[in-house]
Amino acid sequence: MGRQVAIVSAGFSEHASKRSDVNIAELVSEAVEDCLKKAPSVSFEDIDAFATGNMPGFEGSNLPELWMADWMGARNKPLMRVTTGGTTGGSVGIAGYYTVTAGLPGIDTVLAIAFEQQSQGDTSVGLANVAYGEVSLLNYLGLTYDQVGRLLSAGAAIGVAAYQATNYMHKTKIVEEDLARVVVQNRRNAAKTWWAHLKMPNLTIEQVLDTPYISFPLRYGMVCPASDGACAVLFTTEEKAKNMCDIPVYVNGVASVAHETAILGYSASGSAQIDPSEQLGAMKTSEICYQQAGISFPRKEIDYAEVYSPFPNQELMWVEKLGLFEETTAPEMYKNGVTALNGELPICCSGGVNSTNAIGASALERPAVAALQIMGKASNQVPKTVHTAIGHGWGGSLNLCTMMVMSDEPQRKWR
Amino acid sequence: MDKVGIVGFYQVKLYSDANYGRYEMIFEAVRGAIDSAGLKKKDITTAISCTNDYYDGRTISNCYTVEVGGGYMADESKVEMDGAHAVLYGLMRILSGNHKLSLVWGGSMASCFPYHAARLYETDPTWERPVAYVNDITAAGFQMRAYLEKYGVSIEDIAKIAVKNRKNASRNPLALQEAQNANITVKDVLDSEIYADPVTELMVAQPCDGVAALLLAPEKQALKITDNPVWITGVGYNQETYYLGDRDLTKSMSMELAGKMAFDAAGIKDPKKEIDLAEFFEAYAHEEVIFSEALGLVDMGEGTNLNSEIDGDIPINPSGGAIGGNPPCGTGLIRIIEAAKQLKGEADGYQVKDAKKAIASGQIGMCAQNNIVYILEGGN
Amino acid sequence: MTEKLVVTNKGFVRADFSFWVGLYMDKFYDSFENKKIIGNKCSKCGKVFVPPRKKCGKCNETIPLDNNWVNLPNTGTLLNYTITHYKVSDRAARKAKKPQIIGMVQIDGSDTAIVYRLLNIDIENVKIGMKLKIEWEEKPKGNPADIKGFVQV
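Residue numbers (the working numbering), protein chains in the order written: chain A, 2 to 416; chain B, 122 to 501; chain C, 3 to 155.
Derived by calculation from the structure, the hints in this document are not laboratory data.
The C-beta atom is built at its ideal place from N, Cα and C for all residues, glycine as well.
Careful: at least some of the hints might be erroneous.
Claimed, not checked - Facing chain C, a subset of chain B residues (Cβ under 10 Å, in silico):
1. Lys162
2. Tyr193
3. Leu241
4. Ala253
5. Asn256
6. Ile258
7. Thr259
8. Gly262
9. Phe263
10. Gln264
11. Glu314
12. Tyr316
13. Thr362
14. Tyr363
15. Asp367
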C-alpha cells in the first residue's frame, strides 16, 4: 500500500514578463538550483525520478523535457511528463506525489518541475485554440472556422472568466470594488515575494478601478500578467524527509476531478447550459482531498490557502467552493481582513496567480508556497504558525481542478 | 512492488484514415474496456488519458475528452508521452491505495496532422529546429547506420525484422491493413522508398488512427473482477540525454536502465530464459534489435541472429508490433494489451505457445530517448 | 462509422514564436558572425561541448558563463551519415528534389557531434572518418543557418 509522502523543498526561478535572457532549459535550471539550494543535504544523485510538465502550445515546443534532460539533471533517470492545461503544475505535483507513494523499486525522491516561458509564443492564440478545435461547438454557436477570431475574447481565459464573474456577481450581489479589493491584497503581497512578477506595494482600489475594461466586469488592472517562470518541488518518503529538512511537509490529500467541458456556458455537445461558477468538479476535488487528509471541518482546520485565481472573482469563488468559507460570504471576509497576511485564514500571500502567472508553473507554485508557509520559509511568511494548508489549481475550459492538502503532521490514513 | 492486475482492455481497429471521429473512437475503446471487465462507468474512480496537444492540433487536448474518456467527475489526469507511460501513472495510482480501479486510454488520429512535422517540434528550438536536419527520420537513419557499422550486420538482416512483423500483422485482425502482408519479402522492403538511407519506407512504423484502453486493479479486486487477470509484476522507465552527438546510438542506454529497474521489481535474474515473448514499440525495424540487446534477451551485436518468429526462441512482436500500426500516443498501450492477450491465450491466429512471462515496451523521442518496460505475468 | 461524412474547416490560426536562445547559445551565435566555432568545457570531466551549454549532464555541473570557453577549428571528422529524400519543415514533410547527405560531424577538439548537410560530396564517396570543414555563409547573421554545411578538406 502507498507510502506517506513529504515535501522537503521548493524552488522558483525569477518571474518576469520577458525572461529573454535565458532559454526554457536555463529558466528551468534556475528553479531546480533554487530548490536544491534550500535542501543542502540533497544532491542530484539523491533524486531518483522526475515529474514534469508545461503548456506545450505556448512555447511552440513539443515534449521540451526531451532536450532539457541535462539542464534538469534528468540524464539516465526515470521521467514522466504530465500536462493538463492550466492545472498542469498541480497535475505535475500530484504526479510527483504518486511517483513517491507508489513505492516503485529504487524510487524514493522525486523532483517535480513545471515551467512556462510565455514570451516565446502567443498565449492568447494558444488559449483560443482550446475553442478552435471544437468544430461542433462552433457550429452550434453559429460561427464558422475562419470567424474564430471573435472567440479570441471568449475562448481565451479572460472571456471565459468574464462569464464566470458575472454569474458569481449575480449570486453574491457584489460590486467591482469587491473585486478590486482582492487585487490590491494580492499585488501588495506580491511586493514582498522575491520571485513574483507584478509587485505593487502601494496599489489602491481606486487605481484598479481607474483602468479600462477588458471584458466586463474584468478591468485591465484586475487581470493576471503573462509571466515566464519555473517552479520545482522536491517530494520524498516520510523516512528520508526527516534527514533532508527541519520541518517536512506531509502531503495528506491529492485529487484532480473534472466535470463537463463548456465554452461560454454551453457544454461541449451544445446540449446543456452550465453555470461556470458552479464548479462541481472543484467541490468533488476538495471533498476527496479532505477525506483523504482526515479533515472534517475545513473552515476550522485549514490555516492557509493558495488558490489559483488569475482573476479576482475566481479567488472569491474558489475559497467558497473549496469549503474554506460559506457560499457567498467570501467578499465579506476580504473586507474584514480575515484573508490578509495577519488574518485568521491568510490567502495567497505570495500574491497568487493574480500577480504572477507562468501558466504551466502556476498550479505547482500554489502547493509550493503553501508548503513553504508550513516550513516557515516563505518569502512573505504569515506571522501565525501554519499547520495545515491547501494548494489549488484550475484549468481546461473551467472544468479541470487540482488540489493538494499539506500538513506538518502525517495522516496515517492507510494504517 | 505489489502486483497489479490488468482486468480489461479494448483496442479499436487501426486505420490509416479512419472514417469516424476522434471522440467516437475514444468512446468505443473506453466503453469496450469497461464492458470487457463487466463493470460500469461509475466504478471508475480514476482515469488517465494519453494524448498530445501537437498531435491533436489543439491546446489542452484533454479538456474535451473528459466525458468520452470516462473522466467525468473522476480523479483524472493526462500523461503526454506514450500510452505505456500513461499506464505507468494508472499503475502508480493503484499502488498508492487511493484508487481501486484505474482506467487508462491513449491514442490519436495521425490522419489529421503531418506526423513528421509535428515530431520536429520535439527538437531543440535554439539549435537544431531552425535548420531541421535532425528529425525523427534522419535520427533513425543515423542509428541504423551506426548499428550496422559497429557490428557489421547486413541491411538484409534488419529488413527481415520488418518482414517478420508485417507477416505477423497479417494474422492480427486489429492491425493496420496497409501493414498486413503475408507474402512480403526482404527484397520488397529494401526496394521500397528510401526515407533516410539505410531506413526504407517498409521499415518504418506507419503513423495511423487508433485508440486503446485498459483497466487496472489491485490484486484483491482484480481477482474479484475476473478469473483470468494478467499481472503487471515489474515496471521500469528511463530517459537518456538528448543530443544525438552525445549518445552511443548503437545501443539504448535508457532501455537498458529501464529494463534493469523492471527486472529488479519482478525478480527476474535471467531474462533470456525467463521471458517467453516480447512486444516492443519499435518505431523503426532496427529498434527491435537494439531493444532486445538492451534488455539482455540476446547478446550485444547478436540481435539479428535471434529467432523471434511466433514459434521461435523468444517471439518478438507476434502481433506485428508498431510496424503493424502506430497510432501516436496509443502504440505502447497496444503493446501491453497484445502481451496481455498472449498471456491470456486470446491471441487468435498469432498465439505464442506456453506464454507465461512477457515484456511490453513503449517509447518517445528521437532514437527512443525515453523508454518504458513492463513485465507481465499470466494466469493463476 | 459507416457513413462517409467529413466536415472540413479551412482557415489558419497563426501563432508566431520567437525562441530566446539563452545565455550560452547567445555567445555561440555571436562567434558565428565572425565565422568561428566555440565550445565550452565541463570543469569536472573536461568534456568539450558544441553547442555550448549551461549544464554537463553527466556530472550535473554548472559550467560558468564567463570561463571555460574553448576556441575550436573549422574542421571536423564525419562520425555517421544518412541520405534522405525528405525535407521536414514546421508544416510538412515533403520530397526534396535530390537526396541530401546529412552528416554527424565531430568538430576537432570537441567531444560531441553536430548534424549538418554535406556539400559537394558524391554519395559514393562518403566515408565515415573522412575529414570535413565548415562552409560558412558569405554574410553570417548569427544563427544556425550560417553554417551552410560541411565540405571535404
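Hint check results:
no., hint, verdict
1, Lys162, "violated, 21 Å"
2, Tyr193, "violated, 23 Å"
3, Leu241, "holds, 5 Å"
4, Ala253, "holds, 5 Å"
5, Asn256, "holds, 4 Å"
6, Ile258, "holds, 6 Å"
7, Thr259, "holds, 5 Å"
8, Gly262, "holds, 3 Å"
9, Phe263, "holds, 5 Å"
10, Gln264, "holds, 9 Å"
11, Glu314, "holds, 8 Å"
12, Tyr316, "holds, 6 Å"
13, Thr362, "holds, 5 Å"
14, Tyr363, "holds, 8 Å"
15, Asp367, "holds, 5 Å"
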